[in-house]
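Q: Listed below, chain by chain, are the residues.
There are 2 protein chains.
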Amino acid sequence: MRLGALLGPEIEEALRTNPAQLLELIEELHAADLAEVVAELPDEPASRLLGTLPLELALEIFGFLELPRRVQLITACDRAVAVKLANQMPPDDRADLFAALSEEVALELLGRMEKDEAADVKELLTWPATSAGGIMTTAYVALAPDRPIEQAIEEVRKSAEEMETIFEVYAVDPGGTLLGAVSLRDLVLAKKGQTVRDIMDPSTRSVDADVDREEVARLFSHYALTTMPVVEPDTRRMLGIVTVDDVVDVMQAIQTEDVHRMAAVSPIEDPYMQASVWMLVRRRLPWLVVLFVAEMFTSYTLRGYHWVEKAVEVMSIYVPLIISAGGNSGSQSSGLLVRALAVGEVTSQQWLRVLSRELAQGLVLGGILAAIGFLRAVAPFPVGMGNTTGVGLVVACSVMGVIVLGTVVGSMLPLVFKRLGFDPAVTSAPFIAVLVDVAGLVIYFNVAIWIFGLAHPVPAPAP
Amino acid sequence: MRLGALLGPEIEEALRTNPAQLLELIEELHAADLAEVVAELPDEPASRLLGTLPLELALEIFGFLELPRRVQLITACDRAVAVKLANQMPPDDRADLFAALSEEVALELLGRMEKDEAADVKELLTWPATSAGGIMTTAYVALAPDRPIEQAIEEVRKSAEEMETIFEVYAVDPGGTLLGAVSLRDLVLAKKGQTVRDIMDPSTRSVDADVDREEVARLFSHYALTTMPVVEPDTRRMLGIVTVDDVVDVMQAIQTEDVHRMAAVSPIEDPYMQASVWMLVRRRLPWLVVLFVAEMFTSYTLRGYHWVEKAVEVMSIYVPLIISAGGNSGSQSSGLLVRALAVGEVTSQQWLRVLSRELAQGLVLGGILAAIGFLRAVAPFPVGMGNTTGVGLVVACSVMGVIVLGTVVGSMLPLVFKRLGFDPAVTSAPFIAVLVDVAGLVIYFNVAIWIFGLAHPVPAPAP
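If you read the sequences in order, they're chains A and B. The C-terminal position of the first sequence is numbered 462 in numbering that gives the first Met the number 0, with every residue numbered one higher than the one before it. The C-terminal position of the second sequence is numbered 462 in numbering that gives the first Met the number 0, with every residue numbered one higher than the one before it.
Think of the hints as simulated: they come from the structure by calculation, not from any bench. Please note: incorrect hints may appear among the correct ones.
In this list, chains with the same sequence are indistinguishable; a pair is considered to hold if it fits within one copy or across any two.
As the list claims (entries may be wrong) - No more than 16 Å apart at the CA atoms, straight line, and that leaves these computed lysine to aspartate or glutamate pairs for EDC-like:
no.: 1; residue 1: 190; residue 2: 145
no.: 2; residue 1: 83; residue 2: 55
no.: 3; residue 1: 191; residue 2: 153
no.: 4; residue 1: 83; residue 2: 113
no.: 5; residue 1: 191; residue 2: 115
no.: 6; residue 1: 157; residue 2: 185
no.: 7; residue 1: 417; residue 2: 23
no.: 8; residue 1: 83; residue 2: 115
no.: 9; residue 1: 417; residue 2: 214
no.: 10; residue 1: 190; residue 2: 42
no.: 11; residue 1: 417; residue 2: 59
no.: 12; residue 1: 190; residue 2: 344
no.: 13; residue 1: 190; residue 2: 23
no.: 14; residue 1: 309; residue 2: 248
no.: 15; residue 1: 191; residue 2: 92
no.: 16; residue 1: 121; residue 2: 107
no.: 17; residue 1: 417; residue 2: 149
no.: 18; residue 1: 83; residue 2: 116
The structure displayed is predicted, hence computed values, not measured ones.
Construct all of the structure, not just a fragment, from the sequences and the given hints.
A: See the structure below:
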């Protein structure tokens, strides 16, 4: 960001006055850093800059931009430049771009692009953006299985420029069915006279194009893969490959989704600063309203127990303390379990073991906090509303109760959500707090009724 | 997990009765899946299984196990087998293993290992586990810069087996200084007669060994790298390489840390099910105590305003509703900002723009929730404690106030923490809630004093 702000004006000036000097100015910079500058420039000079630079550098910079910025620039820039960029872009990035462009711009570009490239865009767009087909690229090397090694190397050599990776190439039969994977390493290490079939790994793992990208990321991490072929469901015809750098992006996206859900916000795809205030409001409002309406049950509960507060006046001042303790222990448990589920350390079948572990923690944590709460409630300072041992006992027992309750609700709810097919990340701090708040009040007042031996006052007969 | 539970007993049985049959039983399985079985087996049969299998397969399985499990197995298994495994293990994994082993076992193994390997362990252990030096491997190919391509390829071919990757190799001068990187791709595509120097990229990015792994992950993601050389600070002597799969692990670990911090738990490195209850308690307790003690200020506040509750009795039942609304909007803002900071979408310099965006959201969200709160407070059902338009106005104004307050505190605190060098993830739901709870009460009661025109009762003179 800082680099962009720093260099932006200089580059704008050079674009206006002396485009030839421009290349000198930016020669020293990595494409990733130039992309930061382009991200910060206004649309007009940014798209003009892309048109001025050599196509290869422009493509490289473009590859480092976020999708919303790519859409803006392609829409703003000269159509001839846009077509050139679109023809040469990596197929997976290109498909994502076209999915996000306005229909008008997309159709115009498709009409002017090379036929093969336009057809490729249309095919990739048939798969949902969040599926294996949606994140794959069609730029991979396919070899006939009976090809001698020397010819195969020659083929790889020739097509290397346009490919996303040549570290793994694929043996494919004439019908397009995937037979096996060949690593460039094995290709380089092969002996003379061998064919592709001799060195291919026929047990290579492939994934159906309609599989969700989260599952693809899980497979990459589980099997420590760097590349994975994608096949058409049923036919096993090879369609493309997913590479580990796409998986890193998927992991980032999933992670953002999880953090947003944990904060009670529906996932927002645009970068924070690019998302409009209105869109942010729409992703926050439903959760706030649901939580607000659910929290209204605390008012009903408090009204129901108002007679207890009247009998022991000092009780009302500990209400936030008691309920927040339950919410906090609940948010700890849900955070631990949400993450453990996300990385596959726990399955919902293990609920009983999780429950016993959380109960044990709840008892220890609750015991310690109960002791602190007791001391606070009986402390003679600052002198005030008649703190007594009785109130101390009520506070201590209630803290114990709500903390154990928090660990149970906070740990079990993510497992239940997972089992029902919902995202467990939803069951985080705010969500747990609402549940525990109402239950915490019920515990608090009933402990008081029990310890002080209170009886509900009989209402005066109507006059 | 399920696979482990399923196959565990069968494999134990085979180990006991017919070890020869074992290989047949497991032939079909991927090493990653076998690792799941080994993870679930008791120590004794698991370590015996590793000793029975061909060394290469045992190493592969070992590579898919979590670190705590590796430590248990190396400690439990036959020393001769342990030494064989330790000699052949990838250097980075081996260093992590030795850092976690008991001193006794580590020293015994080091004494019996091959000299080069033992020295390698000691050198890698000089770097902190969370630095570039701590995650690098020493298994990379270094080439003299004047080597002809054909010889270079031959060298790569010979050492390929032991290397973590040969997709990138390095030109290094006789003193060990890094000169540049050569991709296997360029090596394969090079013309006859060229030397390593001709095709190396002298501008390749390297990282000092003492740089934090989070920064390494950021560089990988920023520059879309797959491999990065690690050099000694000052001398630029090449020490090793970091590969993208290590970075995926680092990202996972950072992510786990963030989720734990967001849930008010100090980061736990062991998988949830392996962490002892006692260790979980120790990571949770300090936060719970801090939050509990901080929340005690709500009691002081409530006592200070008790006279207001006495004047307008119905007010007490809306306390949890008001303060939780502020906590929820605050947790949303902090979640959005924590994530935006983590992926570099926002810097703390942009605080003013963030503030204005959050204020705008707070006003819209607060307005809508205030309307809902007003309707709830004046609703004639269920009949109860004399809800009036006055109470409705107090609730509405307070909800508006706490929600705006929540967005401001929730968005600014992560930026402040980042600026001060703390992890912003700490400023999440429970932390924000405590701050907003006290402030929310102050807002609520002062709005009531203002709307109802209340005056503090003069205390009766002491008798």
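Q: Within a copy, between copies, both or neither: where do residue 417 and residue 214 come within 16 Å Cα-Cα?
A: within (15 Å within a copy, 33 Å between copies)
Q: At most 16 Å between CA atoms: does that hold for residue 121 and residue 107 within a copy, between copies, both, or neither?
A: Classified as within: same-chain Cα gap 14 Å, cross-chain 62 Å, threshold 16 Å.
Q: At most 16 Å between alpha carbons: which applies to residue 157 and residue 185, within, between, both or neither?
A: between (18 Å within a copy, 12 Å between copies)
Q: Should residue 190 paired with residue 145 be assigned to within, between, both, or neither, using CA atoms and 16 Å as the limit?
A: So residue 190 and residue 145 pass the 16 Å test inside one copy only (15 Å; across, 26 Å).
Q: Are the CA atoms of residue 83 and residue 55 at most 16 Å apart within a copy, between copies, both, or neither?
A: within (10 Å within a copy, 49 Å between copies)
Q: Between residue 83 and residue 113, at a C-alpha cutoff of 16 Å, which is it: within one copy, between copies, both, or neither?
A: within (9 Å within a copy, 57 Å between copies)
Q: Between copies, within a copy, both or neither: which fits residue 191 and residue 115 at Cα up to 16 Å?
A: neither (35 Å within a copy, 34 Å between copies)
Q: With identical chains, the pair residue 417 and residue 23 could be close in the same copy or across copies; at 16 Å between alpha carbons, which is it: within, between, both, or neither?
A: neither (55 Å within a copy, 36 Å between copies)
Q: Is it within, between, both or neither when you check residue 417 against residue 149 at 16 Å Cα-Cα?
A: Answer is neither; intra-copy 51 Å and inter-copy 55 Å both fail.
Q: Give the relationship of residue 190 and residue 344 under a CA distance limit of 16 Å: within one copy only, between copies only, both, or neither.
A: Answer is neither: 43 Å inside a copy and 50 Å across each miss the 16 Å cutoff.
Q: Indicate which option fits the pair residue 191, residue 92 if close means a Cα-Cα distance not exceeding 16 Å: within, between, both or neither.
A: Answer is neither; intra-copy 38 Å and inter-copy 35 Å both fail.
Q: From the Cα coordinates, with 16 Å as the cut-off, is the pair residue 417 and residue 59 best called within, between, both, or neither?
A: Answer is neither; intra-copy 40 Å and inter-copy 31 Å both fail.
Checked against the numbered hints above, the structure breaks hints 5, 7, 10, 11, 12, 13, 14, 15, 17 and satisfies the rest.
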